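Protein chains: 2
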Amino acid sequence: LWTGPVVNCDSVKKIHALPTPCLVVDLDRLESNLDKMSRFTEERRVALRPHAKTHKCVNIARKQLERGAAGICVATIAEAEVMLRGGVRGLLITGEMVGEPKISRLTRIVKEAPETLVVVDNSQNVDDLQNAVRNAGIHFGVLIDLDIGQNRTGIQPGEPALRLAEHISNAKSLTLKGICAYAGHVAHIAGFEQRRASSLRALTQAVETRNLLLKHGHDVQLLTGASTGTYNIDPEIDGLTELQSGSYIFMDVEYRRIGGSSGKVYEDFSPSLSVLSTVIHRSSNKAVVDAGLKAFSTDRPFGPEPLELSGVQYEFAGDEHGRLVMDSPSRDIRLGEKLRFIPPHCDPTVNLYDRFFCVRGDVVEDEWPIMERAGGAPHF
Amino acid sequence: LWTGPVVNCDSVKKIHALPTPCLVVDLDRLESNLDKMSRFTEERRVALRPHAKTHKCVNIARKQLERGAAGICVATIAEAEVMLRGGVRGLLITGEMVGEPKISRLTRIVKEAPETLVVVDNSQNVDDLQNAVRNAGIHFGVLIDLDIGQNRTGIQPGEPALRLAEHISNAKSLTLKGICAYAGHVAHIAGFEQRRASSLRALTQAVETRNLLLKHGHDVQLLTGASTGTYNIDPEIDGLTELQSGSYIFMDVEYRRIGGSSGKVYEDFSPSLSVLSTVIHRSSNKAVVDAGLKAFSTDRPFGPEPLELSGVQYEFAGDEHGRLVMDSPSRDIRLGEKLRFIPPHCDPTVNLYDRFFCVRGDVVEDEWPIMERAGGAPHF
Numbered sequence: 001l002w003t004g005p006v007v008n009c010d011s012v013k014k015i016h017a018l019p020t021p022c023l024v025v026d027l028d029r030l031e032s033n034l035d036k037m038s039r040f041t042e043e044r045r046v047a048l049r050p051h052a053k054t055h056k057c058v059n060i061a062r063k064q065l066e067r068g069a070a071g072i073c074v075a076t077i078a079e080a081e082v083m084l085r086g087g088v089r090g091l092l093i094t095g096e097m098v099g100e101p102k103i104s105r106l107t108r109i110v111k112e113a114p115e116t117l118v119v120v121d122n123s124q125n126v127d128d129l130q131n132a133v134r135n136a137g138i139h140f141g142v143l144i145d146l147d148i149g150q151n152r153t154g155i156q157p158g159e160p161a162l163r164l165a166e167h168i169s170n171a172k173s174l175t176l177k178g179i180c181a182y183a184g185h186v187a188h189i190a191g192f193e194q195r196r197a198s199s200l201r202a203l204t205q206a207v208e209t210r211n212l213l214l215k216h217g218h219d220v221q222l223l224t225g226a227s228t229g230t231y232n233i234d235p236e237i238d239g240l241t242e243l244q245s246g247s248y249i250f251m252d253v254e255y256r257r258i259g260g261s262s263g264k265v266y267e268d269f270s271p272s273l274s275v276l277s278t279v280i281h282r283s284s285n286k287a288v289v290d291a292g293l294k295a296f297s298t299d300r301p302f303g304p305e306p307l308e309l310s311g312v313q314y315e316f317a318g319d320e321h322g323r324l325v326m327d328s329p330s331r332d333i334r335l336g337e338k339l340r341f342i343p344p345h346c347d348p349t350v351n352l353y354d355r356f357f358c359v360r361g362d363v364v365e366d367e368w369p370i371m372e373r374a375g376g377a378p379h380f
Numbered sequence: 001l002w003t004g005p006v007v008n009c010d011s012v013k014k015i016h017a018l019p020t021p022c023l024v025v026d027l028d029r030l031e032s033n034l035d036k037m038s039r040f041t042e043e044r045r046v047a048l049r050p051h052a053k054t055h056k057c058v059n060i061a062r063k064q065l066e067r068g069a070a071g072i073c074v075a076t077i078a079e080a081e082v083m084l085r086g087g088v089r090g091l092l093i094t095g096e097m098v099g100e101p102k103i104s105r106l107t108r109i110v111k112e113a114p115e116t117l118v119v120v121d122n123s124q125n126v127d128d129l130q131n132a133v134r135n136a137g138i139h140f141g142v143l144i145d146l147d148i149g150q151n152r153t154g155i156q157p158g159e160p161a162l163r164l165a166e167h168i169s170n171a172k173s174l175t176l177k178g179i180c181a182y183a184g185h186v187a188h189i190a191g192f193e194q195r196r197a198s199s200l201r202a203l204t205q206a207v208e209t210r211n212l213l214l215k216h217g218h219d220v221q222l223l224t225g226a227s228t229g230t231y232n233i234d235p236e237i238d239g240l241t242e243l244q245s246g247s248y249i250f251m252d253v254e255y256r257r258i259g260g261s262s263g264k265v266y267e268d269f270s271p272s273l274s275v276l277s278t279v280i281h282r283s284s285n286k287a288v289v290d291a292g293l294k295a296f297s298t299d300r301p302f303g304p305e306p307l308e309l310s311g312v313q314y315e316f317a318g319d320e321h322g323r324l325v326m327d328s329p330s331r332d333i334r335l336g337e338k339l340r341f342i343p344p345h346c347d348p349t350v351n352l353y354d355r356f357f358c359v360r361g362d363v364v365e366d367e368w369p370i371m372e373r374a375g376g377a378p379h380f
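Protein chains in written order, with the working numbering: chain A, 1 to 380; chain B, 1 to 380.
Don't read these hints as lab results, they were simulated from the structure. Remember, predicted model here, so these are calculated numbers, not experimental data. Ideal Cβ placement from N, Cα and C applies to all residues, glycine included. Treat the hints loosely; a few may be bogus.
Label-pair distances were calculated between CB atoms; the ranges are [unchecked claim]: (1) A:E365 to B:S310: 46 to 56 Å; (2) B:A136 to A:E367: 26 to 36 Å; (3) B:L307 to A:G87: 32 to 42 Å; (4) B:N59 to A:S261: 35 to 45 Å; (5) B:E367 to A:Q156: 34 to 44 Å; (6) B:K13 to A:L309: 51 to 61 Å; (7) A:S169 to B:D35: 40 to 50 Å; (8) A:G86 to B:E236: 50 to 60 Å; (9) B:E267 to A:R163: 46 to 56 Å; (10) A:A190 to B:A136: 48 to 58 Å; (11) B:S310 to A:Q124: 20 to 30 Å; (12) B:D366 to A:H216: 35 to 45 Å; (13) B:S310 to A:E308: 43 to 53 Å; (14) A:S261 to B:R163: 52 to 62 Å.
Work out the full structure, taking the sequences as your base and the hints as a guide.
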């Protein structure tokens, strides 16, 4: 059997020598995005707990903490485990931990990191969590997951949330720490003013519920929410204590299209993430790259956009292929050359890769691992 | 830092104890699909070189070879490397190997496994391959990738293909072994007779080109093509020597919808692949599972279908969430219960996971690794 190394990379220093398709992060742009959000939240006196479901990468979470983040949001138990093993603390798990084996895995996590916060939206789940940790003598904090219009998880605002708060206060091993109110349905509304109006309307329900809970003697230290699309809108809300924005570090075609507070393209943050591909076919009116629907997210009604080229249209052409239709290409495209594309949607694109290749200019400076894929249970 | 194991799995024997979302293969169904295709190709005296881009798993490739497959198709250089390291031989790389580092990696592979076949569709690429292996004293076989209507890679049938064959015959280290003619645009045509007519029309171009090449003294031992949608159509073509079908081992929502030679649902092969999820939210008219657009392919205009449940509609509801709309559910759905779904499209769904959990009935019998994600270069 062949056991040799796959590629000799001692000599790889330049981006164009990377294996394709691969995921590339422009470090100058990434750092500029991290710095900008850090400065913004500091000035606005709102905490930042950025969402790691965007990057699934301990190296980036550490950079966010170094710049003052209050902690890190994660979506799944596997993300929480990977972050914790990487020394990342102050985790907020934004998905409900329901059923086995999630509850057992959560118990191990809160034993090690008692500051970990978990959302709940259901009294039966509260009972299950309470029963799981009671005998272990563990306590941890929970946030009420509030449905402020996304129609996904979360309990309804007002009385239903109050009843859940009362249920939590009877669970001796759990402490209510506040409310998680993420308006995912608002994040990508095109047009700044439309987005602003929708977000403030959604968050007003969260503030009213917070006030109701406070009136009844419940503790609501945290009111956490916000996306990259509303980072500069939601701090207007009196009572919002922290932002969960994630995509600002990378950006993508979708976020660029929603428009900013000034301008048609949303350019508050710079597109730092791209997929590098090779032109593997070239004929008169067509070029084909080796990056298809296993290389880009496909959950949006538009495809990737070329980074350093205009007048060509990318079309998905199978698992490993993308077709470039030549409308009026800004330059010639040669067989074998490398082309970069901004992904349509950053989070699920990152999810398709094992590593980020980190470049500064055209030099490959580092390589960061992306955690395992769905169902992740590293030592299973 | 926490370094403990993530899950204690010594006790996990039943499917419902698996971490979710995860990918489950029903071994009885998988084996039945493997056996059926093996018997079919034997009876029809056509070789089978199944496509491993469907499963990206050495364990499954071995099962295909054990049942008489002539070799294994792979789409990428990384797939070829993983298969070769796993002892899988007789590889046909169905994607053009253009540019560095692909050509260097290919050189290592053909040195170790000189029977490896690679497609070419361009004379410049032929020259690049020839130059790469000439000095190493290596020879290997190539197939002309023929565009029979997919409008992706491949050279045009007839004279252009003949000119490429002549170019190949001048490349001393390459040997023309035949033609690769994959009609990807035909694979999912709904309605057996429509699909049959389109596939035979497409493949007729390949046969004519083969005859042209033979007339000019070129060797065309192999004419390889066919999908799961046309496995029982293409052997009608006199001259087709092998089938490349891949999805027959798993099936998916898309293939089930195209219809079979008898019946509206294509049931020649049994759906053996599913995603196991947990119901993490339950309210009056809605259930939410923990499997969203990071757990299923999203490249088709329809979502996953529940495996053991009817009267509910799955809707994507974010990276980690799917919403079940209750039209007339065939039974109650409880918080915390586990539900299985057939993925919309099998290949890109497999690409989202690190492992298959293999079940027989409800017992977890084995766990098979899925190779690394895009840009794979294991020792990079």
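Of the hints stated earlier, which fail here? Numbers 4, 7 and 12, in rising order.
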